[in-house]
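Got chain A sorted already, so can you dock chain B onto it with the hints?
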Amino acid sequence: MSEPAVEVKNLTKVFSIGLKKEYVVAIDNLSFEVKAGEVYGLIGPNGSGKSTTMKVVLGLMAASKGSAKVFGLDSGDIRARNEIGFLPENPYFYKHLTGAETLQFYGKLCGIRGSALKDRIAELLKLVDLEGAANRRLGGYSKGMLQRIGLAQSLIQNPRLVILDEPTAGVDPIGSRQIRDLIMKLREDGYTVFLCSHLLEQVQEVCDRVGILFNGRMRREGTLDELIAIENQTTMTLENATPELIAEIHALVGTREGARIVEERHPRTSLEHLFIQIAERSRKENP
Amino acid sequence: MSEETSPPTPRAAGKAVPMFSLGRVRTIAGSTVTQLVRMKTFYFLLAFALVVVAVGNFNIPTTPAKELSMIKKVSFGTMDLFAWLFAIVATALLIPRDIEDRTLYTILSKPVRRIEYLFGKLCGVLVVVGTSLLAMYAICAIMIFARENLYISSEYEAMTASGQYSEAEIAQQISLIRQQGLRAELGIAVLASFFKASVVAAVTIFLSTFASSSLFTIIVSILIFLIGHAHTMATNFWLHESNHSIFVQILVKVVRILIPNYQLFSFSEGIVQGEAVVYALVWQMGGLTAGYLLVFLLLSLLIFVDKEF
Chain A
27 MSEPAVEVKN LTKVFSIGLK KEYVVAIDNL SFEVKAGEVY GLIGPNGSGK
77 STTMKVVLGL MAASKGSAKV FGLDSGDIRA RNEIGFLPEN PYFYKHLTGA
127 ETLQFYGKLC GIRGSALKDR IAELLKLVDL EGAANRRLGG YSKGMLQRIG
177 LAQSLIQNPR LVILDEPTAG VDPIGSRQIR DLIMKLREDG YTVFLCSHLL
227 EQVQEVCDRV GILFNGRMRR EGTLDELIAI ENQTTMTLEN ATPELIAEIH
277 ALVGTREGAR IVEERHPRTS LEHLFIQIAE RSRKENP
Chain B
9 MSEETSPPTP RAAGKAVPMF SLGRVRTIAG STVTQLVRMK TFYFLLAFAL
59 VVVAVGNFNI PTTPAKELSM IKKVSFGTMD LFAWLFAIVA TALLIPRDIE
109 DRTLYTILSK PVRRIEYLFG KLCGVLVVVG TSLLAMYAIC AIMIFARENL
159 YISSEYEAMT ASGQYSEAEI AQQISLIRQQ GLRAELGIAV LASFFKASVV
209 AAVTIFLSTF ASSSLFTIIV SILIFLIGHA HTMATNFWLH ESNHSIFVQI
259 LVKVVRILIP NYQLFSFSEG IVQGEAVVYA LVWQMGGLTA GYLLVFLLLS
309 LLIFVDKEF
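These protein sequences, in sequence, are chains A and B.
For what it's worth, my numbering labels the leading residue of the first sequence as 27, then goes sequentially.
For what it's worth, my numbering labels the leading residue of the second sequence as 9, then goes sequentially.
Excised from the complex, chain A in its bound form (with noise of 0.2 Å):
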């Protein structure tokens, strides 16, 4: 079995507040793995201890009991950062540098330079779709455009783990539904993600296996099909069916103990859908 991209063990994480020395448990008593090659999704509401989570994992933070490794070493290790390529939730990067000046900035502090650092700039600008901005400053960006370049950045010395703490924060449906994309498409090249969100149909979408946190403690963890699947339920889509058939489905099920239809409906797009497919033939007729 390979190593796990990220090991995290009985980790505890209390903060003292004020001169009175309160304390808060932020994180208590957590533990996960998440995979190499999975899309794994943290979730929980505001204040569960993601975030604090990830901290930590980035070695930002230290553990006040237990342990965080990645790729087998202590997450504290300045060789662990190697492996991780980080976007925080709303990262507002030196706005005075351009979309390439940011990647090189980030590039050099990974120690890459000359042609690789310019060749890999250019593939990062082409996969976050931001070529033609690149040489603008990114006070200019809009916030998809920031989420963008911020991904990029996380890419540049090519890390086995990404870690994305609120990806889609703020970013409208459009630039929401490119950075899941993006996602999908890092999971293809065999990058490791790791997550961090409140939105749930987001997390849905993308993971693979996903841990739900409340004030700091996993209360379930799965895949998705574990978590939500309803196991006494089944659902069936039909395309075509006459009103003749779906009336012998109907006297079907009306001959089985136990059986009957919960629910029967057309099947429909989603508002997100919607929108997007709106978007997109209004810029094809007004290019």
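Some clues are possibly wrong.
[Claimed, not checked] Looking from chain B toward chain A, a few residues come up when the C-beta cut is under 7 Å (computed):
| hint | residue |
| --- | --- |
| 1 | 39 |
| 2 | 109 |
| 3 | 118 |
[Unchecked claim] Residues of chain A placed beyond 10 Å of chain B at every Cβ, according to the derived structure:
| hint | residue |
| --- | --- |
| 4 | 38 |
| 5 | 50 |
| 6 | 51 |
| 7 | 54 |
| 8 | 258 |
| 9 | 283 |
| 10 | 285 |
| 11 | 291 |
Just so you know, the hints here were simulated from the structure itself, not pulled from any lab data.
C-beta atoms are modelled at their ideal positions from N, C-alpha and C, and glycine is treated no differently.
Showing chain B alone in chain A's frame:
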């Protein structure tokens, strides 16, 4: 929109990270310089140029040598003031802003050691302060050189026209003016201002590692700067001239160690006035500055290394 990207390279976890990388320090320093330049901080040079031009055009009823001396004194005093004030304000803004904007998270989540970050920030500020001082010196030099030549030619013409002075007397008068004019030694006065501003920046970096806001850092840095100028006087009073308790004496000794003695850097005033440069003192001050930088950088690291964000 997504195109092909390189998949993560399978490599052994734990690729070595050097204990200290000058490359990373250079990168952070370079970014700090760009940040300060693009924040249009160099605009204060315009204000400085205005001060110098205004001082250079005062008509004071005195001798040309004294007038030149006055121009130098005010210009170099202003240069010194701008340098240390700029060092405080620029430094105080950098780290708190990085924390507030979460830029620090992305920097420290890369393989960057905290000492490299602090040292890079300090170097960036020092490059900008040094460049500003050179620019201010260039403005001063142009003004002093122009006034010096103007005084020499007008003095020569006046003395020759009067017919009362011998060639030797005229030469002596011109030599007096030249003594107060543009001399290579003035560069040492600029260096002294740079030394002082460097120590001020190091103290400010130290304060900003634990301060809650930029405003607090700026105010305390200015306070320390002022106390640092009363160092010798205060030490003499508290330790030698009065009978204070051991507690007070220990406290004063601690404060004396913690607060840099900025008075020592005032040797530049003599140089501006035309006194001879004691190069041994300049070297000593260079060494002292390096010592202060090292001590405050280490103190900053002591706090910053375990700081949680």
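Going through the hints against the structure:
1. 39: holds (5 Å)
2. 109: holds (4 Å)
3. 118: Hint on residue 118/B: holds, closest Cβ of chain A at ~5 Å, below 7 Å.
4. 38: It holds; residue 38/A is separated from chain B by about 15 Å at its closest Cβ, greater than 10 Å.
5. 50: holds (13 Å)
6. 51: holds (15 Å)
7. 54: holds (18 Å)
8. 258: The claim stands: residue 258/A keeps its Cβ more than 10 Å from every Cβ of chain B (closest is about 39 Å).
9. 283: Answer for residue 283/A: holds, closest chain B Cβ roughly 51 Å.
10. 285: holds (44 Å)
11. 291: holds (34 Å)
Figure legend: structure checked against the earlier numbered hints; every hint is met.
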